[in-house]
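*Asks:* Residue numbers (the numbering used here), protein chains in the order written: chain L, 1 to 229; chain H, 1001 to 1190.
These are calculated hints, taken from the structure and not from any lab test.
Computed from a predicted model, the values in this text were never measured in an experiment.
The C-beta atom is built at its ideal place from N, Cα and C for all residues, glycine as well.
Possibly wrong hints are sitting among the right ones.
As the list claims (entries may be wrong) - To be clear about the criterion: a stretch of chain H counts as covered by chain L if any three or more of its residues have a C-beta under 8 Å from a C-beta of chain L, and this derived list gives those stretches:
| no. | stretch |
| --- | --- |
| 1 | 1009-1023 |
| 2 | 1121-1128 |
To be verified - Distance ranges between label pairs, derived from CB positions:
| no. | chain 1 | residue 1 | chain 2 | residue 2 | range |
| --- | --- | --- | --- | --- | --- |
| 3 | H | Glu1073 | L | Val212 | 33 to 41 Å |
| 4 | H | Glu1090 | L | Glu25 | 26 to 34 Å |
| 5 | H | Val1138 | L | Asp19 | 20 to 28 Å |
| 6 | H | Thr1155 | L | Ser52 | 44 to 52 Å |
| 7 | H | Arg1075 | L | Val212 | 30 to 38 Å |
| 8 | L | Pro15 | H | Glu1073 | 55 to 63 Å |
As a plain string of letters, each chain reads:
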Amino acid sequence: MIAIEHVTKLYNQTPALRDVTLHVERGEVLGVLGPNGSGKTTLLRLLAGALSPTVGQLMVAGYDTMRQPMEARRRVGYVPEALPLYPHMRVCEFLTFMGRLRGLSPRVTATALARVSKQVRLQEVLTAPIRTLSRGYRQRVAIAQALVHAPDILILDEPTNGLDPRQIMETRHLIRSLAGACTIVMSSHILSEVERTADRVAILLRGHLLGVRALADTPDLEALFLSLT
Amino acid sequence: MSALGVLLRKELHATFTSPIAYAVGTVFLLITGYTFSLTLFLTKVANLTYMFHQMYVLLVLLVPVLTMRAFAEERRADTLELLLTAPVREVWIVLAKFGATLTLVVGLLALSGSYAMVLGLYGEPDWAPVYGGYVALVLLACLLIALGMLTSSLTDNQVWQRPWHSASPSCCGSLTPPPICSQLLAISSL
């Protein structure tokens, strides 16, 4: 579903990612672990199409993100860490806007709105202005906008950042419930989060991919992380 | 509706629900109304020469207020990333913002057309310079909006953009004799 081949990303000659090769299978949840500045967000932004690789190739759902960016973006839902939302819009307006922007017809958008609001449990705040929502609800709205067009791939950058323990549990359950239906790539710097949510883990350090392991074969993620980093 | 239409609708909604648009509109119409009344009573001549002169200066000063948030605000709220990862072309995002601001400015110019209507009702103005003047102002507005969006895309700081943007067409005007306002005056006196 995702094929990253020898990707390097430079910011003004400073490498953020160096020769990363990684494959993710359909329906899999991949956790991307690494300390701050290790290149996690750069990797996710490359997959979402927000950045272009300096060297290498990224294939998303069979489409090259450089040569067929529109096709690739149609199949990806992306939730950045900063929760980009329009505060002046109501939740339903925002989700409708995102659905229409991704090419859904008004009728399909209405159906999709009902589906995601149930999936992410947003029914009670659908008519509320986004600026009045708590951090937890904003997180749900951000996830809902990424799911509104039923993407093949969901990319989540630090999805539990800033949430309270209950919201973290809910987000974790949501991610697990989506696994299988779509391929999920999520970044985190919290080992336990990745351990409980992902099927496999990719560990990054200073732009290098140090290793990719199945969590079923990794009894002690903490020890593995420490040994690699 | 295409993605461009969806983006344009969103930008129009954002523009026309913003208090800045109404503040700019009020200032523009108050000042042009004052100039129109004053020049009409003083000169008793049915032309809009001074109005065009005034509107040129007003557009240079007020358009940056409308455009300064275009991209800076999107970047500050991180929503630009949302648009850039959607299956839309970057040029559509720019065109939607340009179109929404131009709609507002053209709307203001259209409202100022009521002064021309007053002249038409009570006098015999030469219409060709009036039409020409309005076409020139719309083209000037296009230039200013494009410049404003360029500066908005280059910096996050909205306060810094205004003097830079206001200065650039003024500098261009002073370096290009005769400036646009003088050309408008020349057209009006034909």
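*Asks:* State for each hint whether it applies.
*Replies:* Checked hints:
no.: 1; hint: 1009-1023; verdict: holds (count 3)
no.: 2; hint: 1121-1128; verdict: violated (count 0)
no.: 3; hint: Glu1073/H / Val212/L: 33 to 41 Å; verdict: 39 Å, holds
no.: 4; hint: Glu1090/H / Glu25/L: 26 to 34 Å; verdict: 32 Å, holds
no.: 5; hint: Val1138/H / Asp19/L: 20 to 28 Å; verdict: 53 Å, violated
no.: 6; hint: Thr1155/H / Ser52/L: 44 to 52 Å; verdict: 23 Å, violated
no.: 7; hint: Arg1075/H / Val212/L: 30 to 38 Å; verdict: 33 Å, holds
no.: 8; hint: Pro15/L / Glu1073/H: 55 to 63 Å; verdict: 31 Å, violated
Checked against the numbered hints above, the structure violates hints 2, 5, 6 and 8; every other hint is satisfied.
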